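Chemist: Numbering-wise, the sequence shown is residues 1 to 263 according to our numbering.
Honestly, the hints are just simulated from the structure, not real lab data. A quick note: this is a predicted structure, and the numbers were derived from the prediction, not measured. Among the clues, some could well be false.
[What the hints assert, rightly or not] Below, in silico cross-link-like pairs of lysine to aspartate or glutamate (EDC-like), each with a Cα-Cα straight-line distance of 20 Å or less:
#1 Lys243 x Asp197
#2 Lys243 x Asp228
#3 Lys64 x Glu133
#4 Lys64 x Glu158
[What the hints assert, rightly or not] For each label pair, taking beta carbons as the anchor points, the in silico distance ranges come out as:
#5 Val167 x Gln90: 17 to 27 Å
#6 Pro16 x Leu102: 16 to 26 Å
#7 Ala255 x Asp219: 22 to 32 Å
#8 Gly245 x Ala130: 25 to 35 Å
For each residue, glycine too, the CB sits at the ideal point set by N, CA and C.
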Amino acid sequence: MRIEANGIAIAFDGKPILSGIDLALRPGELVGLIGANGAGKTTLLRILADLLPPAAGTVLYDGKPARTLGRRALAQRLAFLAQGGSVQWQMRAEAVVALGRLPHRRPFADLTEADRAAISNAFAATDASAFRERSLGSLSGGERMRVLLARALAVEAEMLLADEPLVGLDPRHQLEAMALFRRIAAAGTGVVVVLHDLSLAGRFCDRLVLLESGRILADGPPATVLDDDNLARAFGIAVARGKRGGEDFVLPWQALTNEEASR
Numbered sequence: 001m002r003i004e005a006n007g008i009a010i011a012f013d014g015k016p017i018l019s020g021i022d023l024a025l026r027p028g029e030l031v032g033l034i035g036a037n038g039a040g041k042t043t044l045l046r047i048l049a050d051l052l053p054p055a056a057g058t059v060l061y062d063g064k065p066a067r068t069l070g071r072r073a074l075a076q077r078l079a080f081l082a083q084g085g086s087v088q089w090q091m092r093a094e095a096v097v098a099l100g101r102l103p104h105r106r107p108f109a110d111l112t113e114a115d116r117a118a119i120s121n122a123f124a125a126t127d128a129s130a131f132r133e134r135s136l137g138s139l140s141g142g143e144r145m146r147v148l149l150a151r152a153l154a155v156e157a158e159m160l161l162a163d164e165p166l167v168g169l170d171p172r173h174q175l176e177a178m179a180l181f182r183r184i185a186a187a188g189t190g191v192v193v194v195l196h197d198l199s200l201a202g203r204f205c206d207r208l209v210l211l212e213s214g215r216i217l218a219d220g221p222p223a224t225v226l227d228d229d230n231l232a233r234a235f236g237i238a239v240a241r242g243k244r245g246g247e248d249f250v251l252p253w254q255a256l257t258n259e260e261a262s263r
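Please put together the full structure from these sequences, using the hints given.
Modeler: As structure tokens, then:
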């Protein structure tokens, strides 16, 4: 699936949140959506997922608006993982992950073999199989996030949109999650993840989209987007740079004054 956003704008309580956003998302690409708190990342992701209507602009899915595709067809082709990992259900993890198969199932029908295989594959991919019989209330925040990621993967969608999927994960599972996203993208699925870890974003993503005050400041390869001027303007920071195993990385190093950031 290809998603095209053109001229997206939205405001809350009279305050502009996004303005003039033009963005194209393609299959087989891992895109990191980065920016400071309040830059508009979550709002943009929700608009791309057809969960929030923009005040201006259009979003097309393979050249068609969501209303033309229909809710069921869009839900089969696009998976969304919300921010935070909070859940209101006291359900077993297996039942939660099975919810990812709802767009593919007839009402009140039992799980098919294809459904069961998708659920098992999603648990295995997120290293969450040990939690299948446990209730979500008994899991830590990071464990819940892995279960919710498994639910999104169980959809087997053509496009996965994940809002801060690394929150609550320990360093090992952060690395494994990013490696998983890269494998999913390499297999042909489009993946967009909201990230705050610039080092992981630069190392794993094919492309970064940097938001600053509701606009796209930079869009392109990580090495281009994560330059000193962009990071100073968007985050007000200076970074340390290094290389390990032939891969470049950046590490937030120093907060800049407003004067330094605007130079």
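Chemist: Evaluate each hint against the coordinates.
Modeler: Hint check:
Between Lys243 and Asp197 the CA atoms are separated by roughly 16 Å; this keeps the pair inside 20 Å, and the hint holds. Between the alpha carbons of Lys243 and Asp228 the distance comes to roughly 16 Å, so the proposed pair stays at or under 20 Å and holds. Note on Lys64 and Glu133: the hinted pairing is violated, with a Cα-Cα distance of about 40 Å set against a maximum of 20 Å. For the proposed pair Lys64 and Glu158, the alpha carbon gap of about 15 Å is at most 20 Å, so the pair holds.
A C-beta distance of roughly 22 Å is found between Val167 and Gln90, which places it inside the suggested range of 17 to 27 Å. At roughly 36 Å, the beta-carbon separation of Pro16 and Leu102 lies outside the given 16 to 26 Å, and the hint is violated. For Ala255 and Asp219, the Cβ-Cβ distance of about 25 Å falls inside the hinted range of 22 to 32 Å, so the restraint holds. The given range of 25 to 35 Å is respected by Gly245 and Ala130, whose C-beta atoms sit roughly 30 Å from each other.
Hint compliance for this structure: hints 3, 6 are broken, all remaining hints hold.
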